[in-house]
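A.B. asks: Taken in order, these protein sequences are the chains called A and B.
So my numbering is basically just the index in the first sequence, starting at one, shifted up by 688.
So my numbering is basically just the index in the second sequence, starting at one, shifted up by 550.
Any given hint could turn out to be false.
Stated by the list, open to error - Derived coverage of chain A by chain B (criterion: at least 3 residues anywhere in the stretch with Cβ under 8 Å from a Cβ of chain B; other residues may be distant): (1) 709-723; (2) 731-737; (3) 740-747.
Hints listed in this document are in silico derivations from the structure and should not be mistaken for laboratory results.
We put the beta carbon where it would ideally sit given N, CA and C, even for glycine.
These are the residues of each chain, in order.
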Amino acid sequence: GENVEQHPSTLSVQEGDSAVIKCTYSDSASNYFPWYKQELGKRPQLIIDIRSNVGEKKDQRIAVTLNKTAKHFSLHITETQPEDSAVYFCAASDKGGSEKLVFGKGTKLTVNP
Amino acid sequence: SQTIHQWPATLVQPVGSPLSLECTVEGTSNPNLYWYRQAAGRGLQLLFYSVGIGQISSEVPQNLSASRPQDRQFILSSKKLLLSDSGFYLCAWTTRGGFSNQPQHFGDGTRLSIL
Chain A
689 GENVEQHPST
699 LSVQEGDSAV
709 IKCTYSDSAS
719 NYFPWYKQEL
729 GKRPQLIIDI
739 RSNVGEKKDQ
749 RIAVTLNKTA
759 KHFSLHITET
769 QPEDSAVYFC
779 AASDKGGSEK
789 LVFGKGTKLT
799 VNP
Chain B
551 SQTIHQWPAT
561 LVQPVGSPLS
571 LECTVEGTSN
581 PNLYWYRQAA
591 GRGLQLLFYS
601 VGIGQISSEV
611 PQNLSASRPQ
621 DRQFILSSKK
631 LLLSDSGFYL
641 CAWTTRGGFS
651 NQPQHFGDGT
661 RLSIL
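Only chain B is shown next, with the shape it has when bound in the complex:
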């Protein structure tokens, strides 16, 4: 069966420090991958999605970036964190379904606090 792993589970970082969050998927090939951010008590904001290695689409202009160095690995990065980057970061995957959308499945998330 397919599984998705995110780490770390929690992270406390000072303003201006770099960031690297990693997400990997097992048990499937060629998944679509997504990064979402959720502010406390709020909805899900799509940050990036990827349909293949090296293919990244950015949804919201910001100081974050994403990379997909391998088929089942998705990385969220920042060179300098801002206070507004605090939140719950969720990675998700879906089977690439062409014109028939498929369910997205979420990882357990990383809770990021910026001090």
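Next up, chain A with everything else stripped away, as it sits in the complex:
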């Protein structure tokens, strides 16, 4: 089945800097890659997603890039703010049609004011 690796496990940046979180996946058949943000004690919330027919997607300060050949995708947050501090999870769809997601282990992002 699909395996997703996420790096780094922790990331600390200064307010205003950019943050990048990277994930790799194993199954070349995966076609859907969402990113979730989870604040302490809260539920994970979808922040952006990308499908395999697109190489990049942007939503204000957040962007995701996908390299299908290398089987990796990344989350980019620009002009970080303290409220961006949270745990971020990447995920990849499992084998086609199962509609399951395989999650990375998460990255704890801390934005220092």
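Following the hints, complete the assembly by docking chain B onto the known chain A.
C.D. replies: Same frame as chain A, but now just chain B:
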């Protein structure tokens, strides 16, 4: 719009007691439903998923079970809780999309503590 409800929000149970967590979805039909567990400071572990009434797939062997008695209701149960069952239990739903995966949307979760 679609909403997902989980209850209770928190639960403290003794070892060996039974468990029943409920999840319901409103505003959509024929959703896929999922149960995840999250240990403190850890990632999301898929426990069960369901693509229809009475259809349950188990991902991890354990003393938990799931049932889907109605289209938009998903129940997580145990006959005898273990200490290792402690965690944050999250229900999620997605629109059934055939070969095109859809985003999963999570409920607010149940924080379960076993004493």
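A.B. asks: Compare the structure with each hint and give your call.
C.D. replies: For each hint, the structure was consulted:
Residues of the region 709-723 of chain A with a Cβ under 8 Å from some Cβ of chain B number 3, which satisfies the need for three, so the listed coverage holds. Chain B is given as covering the region 731-737 of chain A, and this holds because 5 residues of the stretch bring a CB closer than 8 Å to a CB of that chain, at least three being needed. Counting residues of the region 740-747 of chain A whose beta carbon lies closer than 8 Å to any beta carbon of chain B gives 0, which falls short of the minimum of three for the stated coverage.
This entry does not satisfy hint 3, going by the numbered hints stated previously; all others are met.
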